[in-house]
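> For reference, the chains in residue letters:
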Amino acid sequence: MEHRDDIGAKLGMWVFIFTEILLFGGLFLVYTVMRGRYAADFHSAAHHLNAFIGTINTLVLLISSATVAMSITAVQKGHNKFAVLLLFITLVCAAIFMVNKYFEWGHKFQIGLYPGSDLMLTMNHGQVMFFSLYFFMTGLHMFHLVVGGIILTIVMVKVNSGAINSTRYVLLENGGLYWHLVDLIWIFLFPLLYLIT
Amino acid sequence: MTEEKTHHPEPSYLVNTGKYKGLMSWLTSTDHKRIGLMYMYAMMVFFIVGVLLGEIMRLELFRPGQQFYGPQMYNGLFTLHGIIMIFTVVIPGLAAVFGNFSMPIMIGAKDVAFPRLNLFSFYLYIIGAGIALTSQFMGNGPPDTGWTFYAPYSIQTHTNVVAAVFGAFVLGFSSILTGLNFIVTMHRMRAPGMTFFKMPLFPWSLYATAWIQVLATPIVGITLLMVIAERWLRIGFFDPSLGGDPVLYQHLFWIYSHPAVYIMILPAMGVITEIIPTFAQRKVFGYRAIAVSSLAIALVGYFVWAHHMYTSGMSPTARWIFSLLTFLVAVPSAIKVFNWVTTMYRGSIDMKPPFLFALGFIFLFMIGGMTGLTLGALATNIHVHDTAYVVAHFHYIVFGGVGFAFFAAIHYWYPKMYGRMYNFKRANWAFGFLFIGFNLLYFPQFIIGIMGMPRRYFDYLPQFTLGMQLSFFGGILLLIGIILMITNLFSKKGAIAPANPWGGRTYEWTVPSPPPVENFEVMPVMGEDEEPYDYK
Amino acid sequence: MEAETVHITPYRTYAWVLITLLAFTFLTITVTWINLSALTVLVALAIATIKAGIVLTYFMHLKFESSLFRIFVVGVLAIYVLVIIFTMSDYLFR
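The listed protein sequences derive, respectively, from chains U, R and X.
Reading the first sequence from the start, the letters are residues 1 to 197 in my numbering.
Reading the second sequence from the start, the letters are residues 198 to 733 in my numbering.
Reading the third sequence from the start, the letters are residues 734 to 827 in my numbering.
Simulated from the structure, these hints should not be mistaken for lab results.
In this text, all values refer to a predicted model and were calculated from it rather than measured experimentally.
Be aware that one or more of the hints could be misleading.
Unchecked claim - Below are the EDC-like pairs computed for lysine to aspartate or glutamate, each with C-alpha atoms no more than 20 Å apart in a straight line:
no., chain 1, residue 1, chain 2, residue 2
1, R, K307, R, E207
2, X, K796, U, E104
3, R, K307, U, E20
4, U, K77, U, E20
5, R, K307, U, D5
6, U, K158, X, E798
7, R, K218, R, E715
8, U, K10, X, E798
9, R, K395, R, D656
Unchecked claim - Which stretches of chain X does chain U cover? Using the computed rule of at least three CB atoms under 8 Å from a CB of chain U, they are:
no., region
10, 781-790
11, 798-808
Cβ atoms here follow ideal geometry from the backbone N, Cα and C, with glycine treated the same way.
Starting from the given sequences, assemble the full structure and let the hints guide the process.
Here's what the structure looks like:
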């Protein structure tokens, strides 16, 4: 009775990724419109972001994507132990990303910069838009990162127990695809938010 | 199911074979046919609620001035009527019910690609609808924004908008997962030998629909999240006092909600394309043109959204671009109508109820489509924008089109669903009431709309009284038609239905009525020279 | 089902891909030091697009999947770009 269709499963995952791309697409559309309107304000507001932390997080995410991709190779070759290690590195990278974000956001909250705060309501329109977009986009991205982390944890446990192995690993591939999506979105968020100074 | 398959026929999907009995065996079933029926029952409940809300509005509009309740309640009523009818009835509509029930059988598959995900979509649908409905009873009273939740009013009103918006978000997620499931099903599970251009046309229309569901719904999802964030956190994207732009909300909303019209109407067109060749006993005219026009409608329909916004202060450039695109999308729709009519030409037509409803669809959809062109043209739009003319137009599309196609589909696949026939005479009477009632209800709205009656108004000037009262009586006839139809279908069991009562040629008519759990005892294979509609 | 040829990407490939991506990241940061005024955003976006292309091709295995997946990805991105263009037809000409 066992019916299995790995290509079908991957196709399903890709279609899901398309919906995710368009979900963020709505935000990027808002960004485009608002940036067109308040280019100078976006420019000055971006100075308040910590480009150093942003860069570190970019590197961390790129590395984590590479380790996920490598873990597929490892499983295909039957090196499950190594795959678990690679996935663990990925999760560590995710944790580093989150810790960085915690400090980054924490600092902004400390100086009273968060959506709806008094400070933000005194800023000029373009800066309000920039910071609203910053919090909304990075917040939604973080949410996806956490979901991806949970998926990869489950995948890691399954690789460890042998439920994912060199003959069936589509779950790992799909988990990996989701993780790369998280990376993909950050690749655009990083220059658009941090590097427009 | 290992024992003597050849001697006993497989039990039908209506017989409980799993570990649960009764209701639980339905609620835990991943069978696409049962999920389709569950959607249908839920949708019928929502539909009746929506109809009654509409009738209550008509009652208030019977005379100018206040009759039974005040304007705030009227605002709440049309909002709820819109939310229920749009998000829980016509958007999932034919795709969720008949797409689930018929599509896997029509392409020769045992089930959809991800049966458990399918059940999950159904539960999301129920949860989303539940949240949207509870918004009426919690917080500061029912939302009064209309189903479009236009900013900036939706971020200022004190009514319970957040719950309604979140309900719509969950419903959208359900719709996305159904679309995803259908795309993978049609790519991976077609019968051997059935290429894409040998697939029946109802699945074709579902394929185009599924892509819109997947690509357009996330945009409204994120937009609705933005509305919630506006209300809770004051992010200000749509709030002019913080530098936001309310027109941007309209863009984002219609980027989904116009394609949503095609999510509704494409499966309806697909059903009609199944019914007409069956009852004309004639090969469908221009198979490829119909298949490709589904995709063309989906694609072009994605880029016409701003024709809802001609009077919003959009740039003149954008206005003519979107007007042009709107006229373009009429072309593939017209191709379909032409092909239906040509299929009937010189066919041996059998006037059974499904065909009658299909004819009703073509007539009403034509009126809806033509008046759509009036609205799509810039100059005329300025005069009729936000009048009763618009109300009449979209009811001709959404009810006259999708609703009548839904009724046609029920009458077409009912024997397959339950293994029983229904009373044709009563079905014809129901059609008569529905068709006359519908036209009497909505046609006067065109006229008073042109005369200047605005939409969403609780009160009106005396010169609109006649039109409003005709509409009221039309509404009563329509209600009688609906009651007649439902009692005819669901009150008592009819004669036992054969496997192929209409002489159809698609796969669902080759399996017993009702079909066995896994649809086919022998999986079908499509031969080299076979085609989906080889009547002659 | 068509027979699926399993493609095993060597670790080395991924290592090179990672190095390339890191190099582009540093490039995009250094570009921001140079003031190209209006061009800055375009350059940053171009580099991001190249990086995204690399991630899609190698990390997400598009290079080794059937062409159907590539067609879908290109189609979806094209639709999204058109959405932006049509929306901007309003904002740029107001």
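> Determine for every hint whether it applies to the structure shown.
Against the structure, the hints come out as follows:
1. Taken as a hint, the K307/R and E207/R pair is honoured in the structure, with Cα atoms around 13 Å apart against an allowance of 20 Å.
2. Annotation: proposed proximity of K796/X to E104/U is violated, straight-line Cα distance about 37 Å (limit 20 Å).
3. For the suggested pair K307/R and E20/U, the alpha carbons sit about 29 Å apart, so the restraint of at most 20 Å is broken.
4. A threshold of 20 Å between alpha carbons decides the hint, and for K77/U with E20/U the separation of about 31 Å lies outside it, so the pair is violated.
5. With a C-alpha separation of about 14 Å, the suggested pair K307/R and D5/U falls inside the 20 Å cut-off, and the hint holds.
6. As the CA atoms of K158/U and E798/X are separated by approximately 24 Å, the hinted pair breaks the 20 Å bound.
7. Straight-line distance between C-alpha atoms of K218/R and E715/R comes to about 19 Å, which keeps the hinted pair within the 20 Å bound.
8. Between the alpha carbons of K10/U and E798/X the distance comes to roughly 10 Å, so the proposed pair stays at or under 20 Å and holds.
9. Only pairs whose Cα atoms come within 20 Å are accepted, and K395/R paired with D656/R is rejected, the gap being roughly 54 Å.
10. Closer than 8 Å: that is the beta-carbon criterion, and the region 781-790 of chain X has 5 residues meeting it against chain U, so the requirement of 3 holds.
11. Using a Cβ-Cβ cut-off of 8 Å, 6 residues of the region 798-808 of chain X lie near chain U, which meets the minimum of three, so the contact claim holds.
In terms of the numbered hints stated before, the structure departs from hints 2, 3, 4, 6 and 9, listed from lowest to highest.
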